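Peer 1: Spelled out from the first residue to the last, the chains are:
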Amino acid sequence: MATSAVVNSPPAAPTAPTTLLQRMRRSAWGYVFVSPWVILYLIFGLYPLVLSFYLTFFNYSFVTPETRTFVGIDNWVRGATDSLYWKSLYNIVLNQVVFITLKNGLGLVIATLLFRIKRGGRIFRTIYFLPVITSTVVLMTIADTMASPGGPVQSVLMNAGVLSEPSFWKSDNTLPMIVIALINTWKWFGISMVVLLAGMYGIDPRLYEAAAVDGARGWQMFRYITLPLLRPQLFFLLVVDVINGLQMFTEVFAIGFNVYGGINHQALTPVLYLYAQAFDRSNVGYASTLGLLLAVLIAVLTAIQFKFVRTEAD
Amino acid sequence: MKIFRRDSLSLLATYLALTLGAIVVVYPFFFAVNNSLKPGREILHAPSSLPSEITLDGYTGVFDELNVLLLFKNSLILGISITFLNTLLSALAGYAFAKIPFPGRGRIFGFMLLTMMIPSVLFLIPTYVFIYRIGWVGHYEALIIPSAISVFNIFLVRQFMLGIPDELVEAARIDGAGEITIFLRMILPLARPALATVAILTFMGSWNDFFGPLLYLNRPDRWTLQLGLLQFKGTVPGENSEQIWALTTMIIVPIVVVYFFIQEQFVKAFANVSLSK
Numbered sequence: 010m011a012t013s014a015v016v017n018s019p020p021a022a023p024t025a026p027t028t029l030l031q032r033m034r035r036s037a038w039g040y041v042f043v044s045p046w047v048i049l050y051l052i053f054g055l056y057p058l059v060l061s062f063y064l065t066f067f068n069y070s071f072v073t074p075e076t077r078t079f080v081g082i083d084n085w086v087r088g089a090t091d092s093l094y095w096k097s098l099y100n101i102v103l104n105q106v107v108f109i110t111l112k113n114g115l116g117l118v119i120a121t122l123l124f125r126i127k128r129g130g131r132i133f134r135t136i137y138f139l140p141v142i143t144s145t146v147v148l149m150t151i152a153d154t155m156a157s158p159g160g161p162v163q164s165v166l167m168n169a170g171v172l173s174e175p176s177f178w179k180s181d182n183t184l185p186m187i188v189i190a191l192i193n194t195w196k197w198f199g200i201s202m203v204v205l206l207a208g209m210y211g212i213d214p215r216l217y218e219a220a221a222v223d224g225a226r227g228w229q230m231f232r233y234i235t236l237p238l239l240r241p242q243l244f245f246l247l248v249v250d251v252i253n254g255l256q257m258f259t260e261v262f263a264i265g266f267n268v269y270g271g272i273n274h275q276a277l278t279p280v281l282y283l284y285a286q287a288f289d290r291s292n293v294g295y296a297s298t299l300g301l302l303l304a305v306l307i308a309v310l311t312a313i314q315f316k317f318v319r320t321e322a323d
Numbered sequence: 003m004k005i006f007r008r009d010s011l012s013l014l015a016t017y018l019a020l021t022l023g024a025i026v027v028v029y030p031f032f033f034a035v036n037n038s039l040k041p042g043r044e045i046l047h048a049p050s051s052l053p054s055e056i057t058l059d060g061y062t063g064v065f066d067e068l069n070v071l072l073l074f075k076n077s078l079i080l081g082i083s084i085t086f087l088n089t090l091l092s093a094l095a096g097y098a099f100a101k102i103p104f105p106g107r108g109r110i111f112g113f114m115l116l117t118m119m120i121p122s123v124l125f126l127i128p129t130y131v132f133i134y135r136i137g138w139v140g141h142y143e144a145l146i147i148p149s150a151i152s153v154f155n156i157f158l159v160r161q162f163m164l165g166i167p168d169e170l171v172e173a174a175r176i177d178g179a180g181e182i183t184i185f186l187r188m189i190l191p192l193a194r195p196a197l198a199t200v201a202i203l204t205f206m207g208s209w210n211d212f213f214g215p216l217l218y219l220n221r222p223d224r225w226t227l228q229l230g231l232l233q234f235k236g237t238v239p240g241e242n243s244e245q246i247w248a249l250t251t252m253i254i255v256p257i258v259v260v261y262f263f264i265q266e267q268f269v270k271a272f273a274n275v276s277l278s279k
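Protein sequence lines correspond, in order, to chains A and B. When we follow the numbering used here, the leftmost residue of the first sequence carries the number 10, and every step to the right adds one. When we follow the numbering used here, the leftmost residue of the second sequence carries the number 3, and every step to the right adds one.
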């Protein structure tokens with residue numbers, strides 16, 4: 010049976026011809042192989058998605074689920090007019106603008122420097138990538154002490170005359186989100202470096218040779234060849250940054266702010282706030298609504314990025 | 003000759019800049035290890051100076067205060083089981099999506115990719131409600147079972163397996179090999195680079211995770227290293243800070259050692275992720 014099937018078809022066909030029974034048996038294996046995944050996905054992926062919408066219409070508490078009451082769109086109205094939620098959004102946007110600019114900028118600079126050298130690239134790459142693999146809690150514990158009044162960072166800044174007196178930056182209104190952005194830049198620029206460096210090695214060297222013949226030099230090469238051709242990598246980094254960054258929680262919590270982001274909510278982020286609502290205030294329905302609002306915001310931003318890149322490419 | 007001089011000067015400047023950057027990046031790690039070897043009082047008064055005398059008080063002290071071995075064990079249990087399950091399920095599904103034609107395959111895969119774009123914050127509260135209801139809060143299952151699946155990892159494995167020639171699989175089928183044999187004997191060895199990427203990313207994510215354990219394992223005998231460090235930091239008064247630095251160092255060192263042994267794979271794992279888009 011198998012022999013005749015082979016004879017009947019060109020050998021280069023993507024799938025070997027088989028009888029109906031064989032095809033069915035193979036399909037069955039396909040279902041078997043994906044089924045553990047699909048079952049878990051239905052339970053822990055799709056069900057929570059549905060539950061998330063459902064919960065937004067209720068007042069719900071973990072402690073006393075039997076007191077659940079239907080409140081209609083109250084949670085949505087409350088979320089849209091909650092000044093603390095807006096404050097948390099403002100905080101995280103400020104943080105992300107600083108973080109995304111610095112982290113990708115620094116990653117690009119380092120990648121460019123590494124691309125220029127022929128020896129020792131691997132050891133620099135290994136070192137620069139070290140913070141990426143280290144846990145956020147550990148890095149924040151170290152950064153907390155390093156940035157504290159009397160710590161090494163402030164000592165250096167005071168010796169250089171940048172700071173005139175020790176800064177208690179954690180109680181400032183805008184500094185916490187900026188300092189956390191700086192720490193996160195240190196933690197994550199290694200990703201940008203690796204991704205952009207891989208992109209640079211993927212650029213056809215003949216383009217540079219042709220440009221050199223046309224008289225282009227260092228900066229012009231970078232501006233007109235490297236940068237435009239790195240657009241896919243930069244876009245990838247930007248999309249991932251936005252999706253991850255707006256969901257920040259651990260950094261703020263681990264550097265010593267409470268779930269309300271400090272006394273004046275100066276370091277409150279949206280996820281911190283929904284955590285506080287769910288687990289401190291026991292407003293599960295409301296917390297679910299805040300999560301959904303944030304997810305919609307992230308989805309909209311991602312869609313805008315895709316649209317922006319597509320029109321730019323046309 | 004003039005051009006040559008300018009080039010070597012700029013090359014020298016490049017190396018200087020890179021070295022300076024490397025010192026800045028490494029300094030915080032040095033800072034942590036340095037403080038872990040100091041007597042407690044010196045940490046508060048002179049956090050950046052070298053220890054006047056080297057002491058291991060922090061290391062011995064933290065073992066008295068905290069069950070460090072239990073924290074390690076808990077982190078390992080989670081890391082290993084999540085990595086094993088996730089890699090296995092990703093390999094199975096990735097193989098099926100890449101190499102076994104079955105009705106609905108394209109539609110299921112497309113739907114999966116679509117949901118990959120949903121930010122995880124959306125799942126936070128409802129998943130907690132669900133896991134609370136089935137009584138898993140405080141148990142490892144709460145973290146292990148939901149983490150066993152990852153659309154992204156399946157996508158990565160599938161992309162890689164698409165590169166394995168169909169003829170190879172077909173030839174094995176014609177020779178009478180069953181799908182399980184093909185999967186175990188042929189696909190698993192061939193897909194090793196992709197599976198290593200998935201395993202490294204998954205293990206690191208789990209080992210460094212703080213939010214998951216905070217939500218589900220808030221019970222001292224289930225604490226992971228990350229959770230233990232933060233809770234310990236919150237409860238210990240200032241004069242025991244050498245213990246915090248000792249614990250910090252003990253968390254950093256294993257993963258850094260592993261990292262230096264297989265750093266190429268680590269770095270490649272992250273580069274792979276962006277290139278497979």
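Just so you know, these hints were derived from the structure itself, not from any lab. Note that the structure is predicted; figures quoted are calculated from it, not measured. A portion of the hints provided could be inaccurate.
[Claimed, not checked] Some chain B residues close to chain A (C-beta under 10 Å, calculated; not the full set):
1. L20
2. L39
3. P41
4. L52
5. I56
6. L58
7. Y61
8. I102
9. I110
10. G112
11. L115
12. M119
13. A201
14. T250
15. F262
16. F268
[What the hints assert, rightly or not] Take a look, some chain A residues computed to stay more than 12 Å from chain B by CB distance:
17. Q31
18. Y63
19. F79
20. V86
21. T135
22. V165
23. D213
24. A220
25. G224
26. R232
27. Y233
28. P237
29. I252
30. S297
31. A304
[As the list claims (entries may be wrong)] Here are some of the chain A residues that sit facing chain B, going by a computed Cβ distance under 10 Å:
32. N68
33. W85
34. R125
35. R319
Positions of the beta carbon are idealized from the N, C-alpha and C atoms, including for glycine.
Peer 1: All the hints need checking, so say for each whether the structure fits it.
Peer 2: Structure-based check of all given hints:
Because the closest C-beta pair between B/L20 and chain A is about 5 Å apart, less than 10 Å, the hint holds. Checking B/L39 against chain A: minimum C-beta separation of about 15 Å lies over 10 Å; hint violated. Here the hint on B/P41 is broken, as its CB sits about 16 Å from the closest CB of chain A, past 10 Å. Hint status for B/L52 relative to chain A: violated, with the closest Cβ pair at about 12 Å, above 10 Å.
Annotation: interface hint on B/I56 violated; nearest CB of chain A at approximately 19 Å, more than 10 Å. A cut of 10 Å between beta carbons decides the hint on B/L58: the least distance to chain A is about 20 Å, and the hint is violated. Taking 10 Å as the C-beta cut-off, the interface hint given for B/Y61 is violated, the closest approach to chain A being about 16 Å. Given the 10 Å rule on beta carbons, the hint for B/I102 holds: about 4 Å separates it from the nearest Cβ of chain A.
A least Cβ separation of about 7 Å between B/I110 and chain A falls short of the 10 Å threshold, and the interface hint therefore holds. At its closest, the beta carbon of B/G112 sits 14 Å from a beta carbon of chain A; the interface hint therefore is violated under the 10 Å criterion. Because the beta carbon of B/L115 sits about 13 Å from the nearest beta carbon in chain A, more than 10 Å, this interface hint is broken. With a least beta-carbon distance of about 7 Å to chain A, the hint placing B/M119 at the interface is held under the 10 Å criterion.
The closest approach between the C-beta of B/A201 and any C-beta of chain A is roughly 14 Å, which is over the 10 Å cut-off, so the hint fails. About 6 Å separates the beta-carbon of B/T250 from the nearest beta-carbon of chain A, less than 10 Å, and the hint is met. For B/F262, the suggested interface contact is upheld, since its CB lies about 7 Å from the closest CB of chain A, less than 10 Å. Annotation: interface hint on B/F268 holds; nearest CB of chain A at approximately 6 Å, less than 10 Å.
Not every C-beta of chain B lies more than 12 Å from that of A/Q31, the closest at about 8 Å, which undercuts listing it as non-interface. Here A/Y63 does not stay apart from chain B, with its beta-carbon only about 8 Å from theirs, under the 12 Å limit. Here A/F79 stays apart from chain B, with its beta-carbon at least about 16 Å from theirs, past the 12 Å limit. At the 12 Å boundary, the C-beta of A/V86 stays outside the reach of chain B, the nearest C-beta of that chain being 19 Å off.
A beta-carbon of chain B comes within 12 Å of the beta-carbon of A/T135; the shortest separation is about 5 Å. Against chain B, the non-interface label of A/V165 is violated: not every CB pair exceeds 12 Å, the least being about 9 Å. Consistency note on A/D213: stated as away from chain B, and its beta-carbon is indeed over 12 Å from all of that chain's, at 16 Å minimum. For A/A220, the shortest C-beta to C-beta distance to chain B comes to about 18 Å, beyond the 12 Å cut-off, and the non-interface label holds.
Every Cβ of chain B is farther than 12 Å from the Cβ of A/G224; the closest lies at roughly 15 Å, confirming the non-interface assignment. Its beta-carbon lying about 18 Å from the closest one in chain B, A/R232 satisfies the requirement of being farther than 12 Å from that chain. At roughly 20 Å, the least C-beta separation between A/Y233 and chain B is larger than 12 Å, which holds for a residue marked as non-interface. Its beta-carbon lying about 17 Å from the closest one in chain B, A/P237 satisfies the requirement of being farther than 12 Å from that chain.
Non-interface status of A/I252 relative to chain B is broken: a Cβ of that chain comes within 12 Å, the nearest being about 6 Å off. The Cβ of A/S297 sits about 4 Å from the closest Cβ of chain B, inside the 12 Å cut-off, so the non-interface label is violated. Against chain B, the non-interface label of A/A304 is violated: not every CB pair exceeds 12 Å, the least being about 4 Å. Contact between A/N68 and chain B, as hinted, is not supported at the beta carbon level, the nearest pair being about 13 Å apart and thus beyond 10 Å.
Given hint, A/W85 at the interface with chain B, is violated; its Cβ is 15 Å from that chain's nearest Cβ, farther than 10 Å. Hint on A/R125 holds. Least Cβ distance to chain B is approximately 5 Å, under the 10 Å limit. Nearest Cβ of chain B to the Cβ of A/R319: about 15 Å, over the 10 Å cut. The hint is violated.
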